[in-house]
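Could you put the whole structure together from the sequences, leaning on the hints where they help?
As they're listed, the protein sequences go chains A and B. Using my numbering, read the first sequence as starting at 4 and increasing by one per residue. Using my numbering, read the second sequence as starting at 1268 and increasing by one per residue.
Keep in mind the hints are simulated off the structure, nothing from the lab. Be aware that a few hints might be false.
In silico DSS-like links for lysine-lysine, alpha-carbon gap of 30 Å or less [unchecked claim]:
id, chain 1, residue 1, chain 2, residue 2
1, B, K1346, A, K92
2, A, K149, B, K1342
3, A, K108, A, K146
4, A, K149, A, K201
Listing some non-contacts, in silico: residues in chain B with all C-beta distances to chain A over 12 Å [what the hints assert, rightly or not]:
id, residue
5, E1339
6, P1425
7, A1426
8, S1427
9, R1437
10, V1444
11, S1445
12, R1481
13, Q1483
14, S1485
15, T1489
16, S1508
17, R1548
Every value quoted in this text rests on a predicted model; they were computed, and no experiment measured them. Virtual Cβ for every residue (Gly too), placed ideally from N, Cα, C.
Residues per chain, in single letters:
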Amino acid sequence: MTAPAVADTNWLEPPELYLALSEECKIDRPIYQGDVFQDVTLPKLPKRSLTEPDDHLQTVQQSVMVVPHPCQCYYGDKLRPFLTVAPVKLVESYENFGDDRAGAKDKFALPDLPVQQVDGSWVEQSCVADFGRLISVPSNWLKPPKRVCCLTHRGLGLLAKRVLGFQLRDRTTTLYSAMAYVQAEWNESFLMQAWVRKYESLRGFTQWLRSPQLIKAIDAERAVVPADYRDGALDALLEAITGEAVD
Amino acid sequence: MSGMLALASEWRGESFPTIASETSTAPRESILNSATAGSGTTSKTWRRSAVTIVVELPKSDAPEIPLRKLLEIVKSALKISDRTADISSLNVENARITRDSKGHLRIELVWPQPESASDPDHVSLELRISTARSSAKKARSGTHSRLARELRALTGLPASALAMAFGVTREQYQRWVSGRPISDVRHGQLIYAHTIAAEVARKLGSDQAPVWWRTQLSSGETPEQLLRRRNLALVYESVVSLPDPRPVVDDVELGLRPRDDGWSEEPPEGIEAQDDWSPYRPHRDDEE
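Laid out in structure tokens, this is it:
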């Protein structure tokens, strides 16, 4: 049997896991599954329930990772009002992930994640996103300039594996099948970014994506629906948006 | 920049110049050997996936570090780079590890205080592990050639047909086969197409798979035609619908999964108050 294009794994080192880190994160890249944002206000929930009228929740500024599938992050051209996030925390090691790295199912490893210090410098530290503390926050609390990492396609596939492990105890999904499953959404993120770069907002993107367009690089004579070609013709769709040929 | 583990020395606040390093690839054992050899000019590189570690031993005028201790440190540092050890501790007597403001790991050794000195003598060993983000590109240079070559074998399709699937010329496709560079966009497309083609071959066998690519589907088109038209979503759909003789092997579900793009749902609560997403303007709530 032919070896898969992408070997199945439960672990990715930073170069394969991160598309961009800290200042490399482009501000116009859409807020997407797996993005980590710092300085997000989260409630600090006490163990005892709050019953008195004067009881107030304390808050804490923390890094969080966006968890929902990309289609659950957006509704048309709008970011959904609330997004579910997993708090990100430092860990001393990843020993509890086990030898096969399939353990600690309630965590997603973020090795060498840059953490900004008080003096503004960045320090790479071992972190995890904690699925055991999921919470939904207003999406406008996730500020693009505060984004510290975006995942690669492989990273997105690994996140899908981990989420399935957390929710279903699923160990059967392979990295390559998870990646193929989200191929269209992965490519769409670049189309969204190109659109925002050109028009400064997502306004009109969904309409363009779902309506027949004449895209010569795909079909010189007949209009095609761009959404149908997200899987296999990213270059042609990018060219249709930007007017510039893609290598 | 490739990541590195540098062992440089400091003595009573004075920095000794770091030994010029020669970067070379060596197996894991070499780094340990270099540490035990203790030569002032030894420098080796250890490559493990993305992490490159360079050991630069102190110059001869630096305080002598017991070789056993150095070996322990290197072993512990390797364990840290494997991410199986606590980053705050080396578990080596008289040694501790910290991070500096640039994120570099810093190993500090404390020697017994000499009678004449007011401060304990320190030997600081600087350890830098930063990941080489460019290494993913380097690593794939070997894989895209394999993928392009295997895609031809798996489908039995000519290079001209496959080139159309990627929106490139036949010559460009052949250059990929021979290992010439490929862009990020095309590499992603190649991985996807290979994944689909491998799935067809797994389900039908390597003899029948090329036949399938040329056989009409219920839509009237062949998979090859869909590929040439760059509609890989329909190819994916067709492949997923093929019967699977061995869906699960060793508890791993081998097959690609059917997708459902036809979801419809009620608008989420509060969506009407949201602006179209833009990173350039503050949200309404921020302005209030």
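A quick look at each hint next to the structure:
1. B:K1346 to A:K92: holds (21 Å)
2. A:K149 to B:K1342: At roughly 37 Å apart (the allowed maximum being 30 Å), K1342 of chain B and K149 of chain A break the hint.
3. A:K108 to A:K146: holds (28 Å)
4. A:K149 to A:K201: holds (22 Å)
5. E1339: holds (18 Å)
6. P1425: holds (18 Å)
7. A1426: Fine: 17 Å to the nearest Cβ keeps A1426 of chain B off the interface.
8. S1427: About 17 Å separates S1427 of chain B from the closest Cβ of chain A, which puts it past 12 Å; holds.
9. R1437: About 17 Å separates R1437 of chain B from the closest Cβ of chain A, which puts it past 12 Å; holds.
10. V1444: V1444 of chain B is indeed farther than 12 Å from all Cβ atoms of chain A, at 15 Å.
11. S1445: holds (17 Å)
12. R1481: holds (19 Å)
13. Q1483: holds (20 Å)
14. S1485: Consistent with the label, S1485 of chain B stays out of reach of chain A, its closest Cβ about 17 Å off (over 12 Å).
15. T1489: holds (16 Å)
16. S1508: The claim holds: S1508 of chain B sits with its nearest Cβ about 15 Å from chain A, beyond 12 Å.
17. R1548: With a cut-off of 12 Å, R1548 of chain B comes too close to chain A, as the shortest Cβ separation is near 8 Å.
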